[in-house]
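Undergrad: Taken in sequence, the protein lines are chains U and E.
Per this note's numbering, residue 1 is the first one in the first sequence, and the count goes up by one each step.
Per this note's numbering, residue 470 is the first one in the second sequence, and the count goes up by one each step.
Mixed in with the good hints, there may be bad ones.
In silico EDC-like cross-links for lysine to aspartate or glutamate, where the CA-CA straight-line distance does not exceed 16 Å [stated by the list, open to error]:
# : chain 1 : residue 1 : chain 2 : residue 2
1 : E       : 646       : U       : 72
2 : U       : 221       : E       : 713
3 : E       : 551       : U       : 21
4 : E       : 551       : U       : 224
5 : E       : 691       : E       : 669
6 : U       : 28        : E       : 577
7 : U       : 15        : E       : 554
8 : E       : 607       : U       : 401
9 : U       : 221       : E       : 501
Calculated from the structure, these hints are not laboratory results.
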Amino acid sequence: MKTWLEDRLNLKVLKELILLEPIPGGAKIAYVFGSMLLFLLILQILTGIFLMFYYAPTVDHAWDSIRYIMEDVDFGWMIRGIHHWASSAMVLLVVVHLLQVFIWGAYKKPRELVWLMGVFLLVMVLAMGFTGYLLPWDQKAYWASVVGMEMAGVAPGIGEFITKFLKGGDIAGVLTLNRFYVIHVWMIPFFLVSFVGMHLFFFRNAGPAGPYEGDPKELEKKKEFFYPKQIFIDLMAVLILFLILVLLSVFKPPELWSKANPAVSAFNPEPEWYFLFLFQLLKLPVFAGGIGEMIGAVLLPGAFLLLLILLPFFDRNPSRNPFKRPAAMGVMVLVMGGIIGLTTLSIATAPPSFPLSHKLAQKGLEIYYVKGQCYTCHAIAKLDEKVLGATGPDIGPALTDESDRGRTLDWLMKHFKDPPSMTPDSVMPPAEALGLTEEEMVALSHFVSDPIKDVPDRELPELRKKMGL
Amino acid sequence: MEIVLNSQILDKTGNALGPVTNLVVSQSSRQETHLIFYCKKDKAEHLVSLEHVEEATPDGVRLKLGPEEIERLPFYVPEEYKEIDLFEVDPELRAYKGKVLTFLPASERDIGRRKFMAVASGGIMAIIAAAMAFPMVKFLIYPMYQGFINVWVKIGKFGTLASENTPQLMKFVKVSKQAYMTDTVDKSLWVIKGSKEFLEMIYADEQNRVFQNEGKIFWENKQENQLVVYSGKCTHLGCPFRWDEATKTFHCPCHNSVFKLNGEVVSGPAPRRLDVLPVKIEGDEILVIDAEYRAGIKPKERIA
Chain U
1 MKTWLEDRLN LKVLKELILL EPIPGGAKIA YVFGSMLLFL LILQILTGIF LMFYYAPTVD
61 HAWDSIRYIM EDVDFGWMIR GIHHWASSAM VLLVVVHLLQ VFIWGAYKKP RELVWLMGVF
121 LLVMVLAMGF TGYLLPWDQK AYWASVVGME MAGVAPGIGE FITKFLKGGD IAGVLTLNRF
181 YVIHVWMIPF FLVSFVGMHL FFFRNAGPAG PYEGDPKELE KKKEFFYPKQ IFIDLMAVLI
241 LFLILVLLSV FKPPELWSKA NPAVSAFNPE PEWYFLFLFQ LLKLPVFAGG IGEMIGAVLL
301 PGAFLLLLIL LPFFDRNPSR NPFKRPAAMG VMVLVMGGII GLTTLSIATA PPSFPLSHKL
361 AQKGLEIYYV KGQCYTCHAI AKLDEKVLGA TGPDIGPALT DESDRGRTLD WLMKHFKDPP
421 SMTPDSVMPP AEALGLTEEE MVALSHFVSD PIKDVPDREL PELRKKMGL
Chain E
470 MEIVLNSQIL DKTGNALGPV TNLVVSQSSR QETHLIFYCK KDKAEHLVSL EHVEEATPDG
530 VRLKLGPEEI ERLPFYVPEE YKEIDLFEVD PELRAYKGKV LTFLPASERD IGRRKFMAVA
590 SGGIMAIIAA AMAFPMVKFL IYPMYQGFIN VWVKIGKFGT LASENTPQLM KFVKVSKQAY
650 MTDTVDKSLW VIKGSKEFLE MIYADEQNRV FQNEGKIFWE NKQENQLVVY SGKCTHLGCP
710 FRWDEATKTF HCPCHNSVFK LNGEVVSGPA PRRLDVLPVK IEGDEILVID AEYRAGIKPK
770 ERIA
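Bound conformation, chain E alone (with noise of 0.2 Å):
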């Protein structure tokens, strides 16, 4: 049976009645089973099930109803009902988006009850949503804050170290405990047996004599062990920097900035003097902590 919209409603004696104006599907079955038409006798439209239409023909849908049960069609309530979406609507049905309707139960039409099941199911979203963010960002940021471990080491002799004043590469292999492994990164330092003048000129200044942790002072630097020790890494970018003994000046490669033996920043964009580190002697063997300081900003601040 196919019923095109706009089509005439007949009675069973074959009397116009007025045009169809909408379909209704049951979303339950997928099939069509109303249809409203307009009814020109009393002006209202009315809803007949489709087990009352006896033939559907080019000239008009005729239902098996006569004029006394016609009146007493239902009327059609617009809020009983909601337009449909084609895709759910079987692709044989000539009809168009507005005309297809589907029967909406009163459970669906109560505001209020939807409403507070909406807002409901929000709430137990968010309590699932809270419940895990707090976890899973301590879990994510736990290794970023977990301050910095002060290790003693070993990196060389100090016998080897050959006249005062005079700068020396010393290649050490750092073993640091990372996360469940232990890490090997081959590393090296400037280390300067210093002349009596050197070390009181460089431990004069605070920044380079005492070591805090979260403000707690865990280590001075003495002048008595005759040492300096420069982190191996330019202040400006990191780069690794050498000792040019013809001017007696540091070079870093990179971006030519220029460091005098004491550490201070001649020339080039080095934002601060080079990094003393703290350092003691145990026998003969030198001994350092191998901190590492934030590159390119003029404060020392530690990163590592």
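One chain only, chain U, in its complex shape (with noise of 0.2 Å):
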């Protein structure tokens, strides 16, 4: 058999391309990186693909569909929260993969073309995480995706088209979520592995860079082949990747927020943690204005990956010792602590917001069907008619559109635990008193500030069922 093979397919030169790349002055920790990183790509294309056998790219059934996934098909929880955790860990491990190549001074002659396709897949990983982020269609995806357009739609001249392009017209609705899926699972995707496969060929083509001093015969005395020792270490940490990424998905599964309601301007949007400097950087007094948006949106962020993609061509100092390029890492850290800065000012300052949990909201919404019995003074137009078979009184305000107000969890729990101190008149009896935990509280608080407020058909006879009915 293995004779066969080799009689057609020369596997012994197949062998020394792909598993005998020798690394200078040995195989090390440090070089895990790479290896990391394609995992996490076949890791994303799977789980991707087998997200595909459920999701719906219609506005009109997305966020069911995902609900479906995280909630009835068996394991799909943990399909999703592998493809969202891998998406952040992803973004976070490209970072590091290219701040390690600049120390190292790995991106100079001859290594020009590797640099410059590894930049081009930091951009490409960057357009997965804003093109998935839309996906599930809720409250947040929604809000971030309509701010991440209309800052494209400020860059000079093709601004506008681009914004159009993406929404598919003058709306973010049912052609811009077909787009965005469509880009997310073949346009990207496609262009991102050949990419990556032109990377490690321009890097096979070079060689791997090496420490960035030492004596050539030393580095060649000490060399390791990229096969077994190297393979075993990337390995390892591919497998403490791994377990990170199923321990995340089991402790912390993604949220799946309300769904989508362009109605709803409470909203608070926030993008995804790699995003949120650039939300921060737009905040900045410089760049409020029409004029300062497009520095800070477009302009700013335009210059700098220039500025990556040239940096190969106009940094010839073949010095590749970190302590000897004083310039480079002082821009690297100004850079790098700029955006870590933004970024932590940015979730320090974030106003106190209400991102709705859809899980604690179906809580909620038992708690006030049965126990609280809260619908006994107050109405929701269409759940009620659909859980009573008619609207409830109005003794109480109705809380059909509650969810636009505004209230934040701080008033809420407030208000339940002792009414008049937020509502003068109310004569709403304490939380306390209907025999509420603090958590159902919570709960409650989440269902009526969920704009949706509607009860799954499946679990219509089960929630009548509890109310006695």
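Can you join these two chains into the complex? Each is in its own frame, and there are hints to help.
TA: So, in structure tokens, the structure goes:
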């Protein structure tokens, strides 16, 4: 069998090409990041394809299909959890990988093309993060994508076209989701995989850079091949990464917020953490106004990207030792400090947002109708008709549009505990008098702030049974 | 400097020592670092650093070394070198496959250690693959084994049925929850208000009367309802069939299967009688469970 294949495939050359790449100075833990990223890419393709088995890229079913994946399909929470967390891991590791190449001076001659492909891959990974974020079609996804598209819109000349192209017209809706979907699952992955191929080919051609300093004779003497030691080290790192992803998907599964609702203005849009720095940058007074925004949202990031692309062509200093390249290291520290600083600032100063948890809202719905008996005083149009057969009384204010009032969790909790403290003339009994626990009050807060307020058909009989109907 | 294989090695005084047999390339610097030559005097191969080469001419490669220094040159140990593929070599190098070598470090020559790491690597990959395989298979097959949902669907009014033993096609919209969405499908069934004898004949057969789900009886059709409902699909390949009043038979246009009013096959390729469905009456409403059975086989096997 082996010789049969060898006769036809020239396996020896293939093995030499793929496995026996010489690493000057020997295998090191420091070199694991490239392999980890390749593993993440494979994992993303695999879990992404699996999610497509159930995901529906239409505005009327995308959200329901994600809920189906998360709550009904066996291990759906795990497949989506891994896909979600691996995307963050990918952005993080791409940046680490890039920083390492920068510090080690490994972008210099003869590795300019490897670097160039790498910068393109960074852009593609970020684009994957941006397009994938919209697909669950929940509030957070919708509003972050709308803001993102508007940011692209301020680009001089082509901005308006890009925004219109992404939206598929003037409004973010039916076509937008379809476009993001195709871009996310076909267009970018096609280029991403091709560019990874070129990245690796150019890398193999130029060879690993090895330590930034050292006697070539010593490096040659200590060299090791990619297989088996470096592969072994890489796989250990990959295994740890995999375990972290699985643990995160178990203990911190990705949320599904309320279904996207363009009418709800109370929602506080927030992008994924790796775009927070850009989000925060635009809040600086310098970047206020039309021109300022254009500079902050487009020109500055664009110039930075161009700088990265051109880096190996203008940095001709042959020294790779970071200690002998103070200017390069200084710029790096400044840029990274800025990005980390802005991200931290954004997290620290974020308004007490009330990102709804669909799960808690569902729990709150049950408390509303069963334990809290809230429906005996309040009315919620549509939902009451579904559950009770008629709209509830108007003893207390109707809660149909409660989500648009922009209450914070804090306000609602105080209100539940001691109604007159927030609403002076309230006659509502304190929640404790109804026997509600702190947790149940939180769930109830999520429910009344949920703009959707709906009970799935399959859970309706159960709910009615609990109510004694 | 251009060193050609097989050219003569000369010492610094010009004495011929023997031919160049191999070149050694550093994979770290991607440059030739040594040459190996066969020494006629001691009939052994020796390693010389290119730093000791004075000049390379078509006549030979002249070293900077004298006879005494040449005697101290290290022997070439084949185990310490491996062949290198030409794509890693400077294209200017005048050599051919098998003649260009590179240093093979001791760590790479330790078979036991290499084997351990190879097996351990395979093990890690197997752990990840195994950890993913089970969830992924379960994920994919989830909707395949959800069991059948027995929902009573209103299909029409009993009062609209004309005379006894005359089949009537009833069209209805079936609303069913499929995965994450509600789907509506237009469907039709044959409904017969049966005479006492007809109903007795039909429901004498347990297959037409008793309905089970995973071995548990969930419904039994009752004669006093006066109803027999046939699935609208031919048991051959699922085509919709019609009632022919002249011959009092059901006729399937696809492959000419013909059934009697009581559902039995008269002629044609149909493998079994027409499928009877669970039916009940509430007030004037006729309700059925719109079960579907696999076409083309003799046994009545439920598929939806």
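Undergrad: Work down the list of hints and note, for each, if the structure agrees.
TA: Verification of the hints:
no. : hint            : in the structure
1   : 646/E <-> 72/U  : 13 Å, holds
2   : 221/U <-> 713/E : 93 Å, violated
3   : 551/E <-> 21/U  : 13 Å, holds
4   : 551/E <-> 224/U : 13 Å, holds
5   : 691/E <-> 669/E : 10 Å, holds
6   : 28/U <-> 577/E  : 15 Å, holds
7   : 15/U <-> 554/E  : 11 Å, holds
8   : 607/E <-> 401/U : 41 Å, violated
9   : 221/U <-> 501/E : 14 Å, holds
This entry does not satisfy hints 2, 8, going by the numbered hints stated previously.
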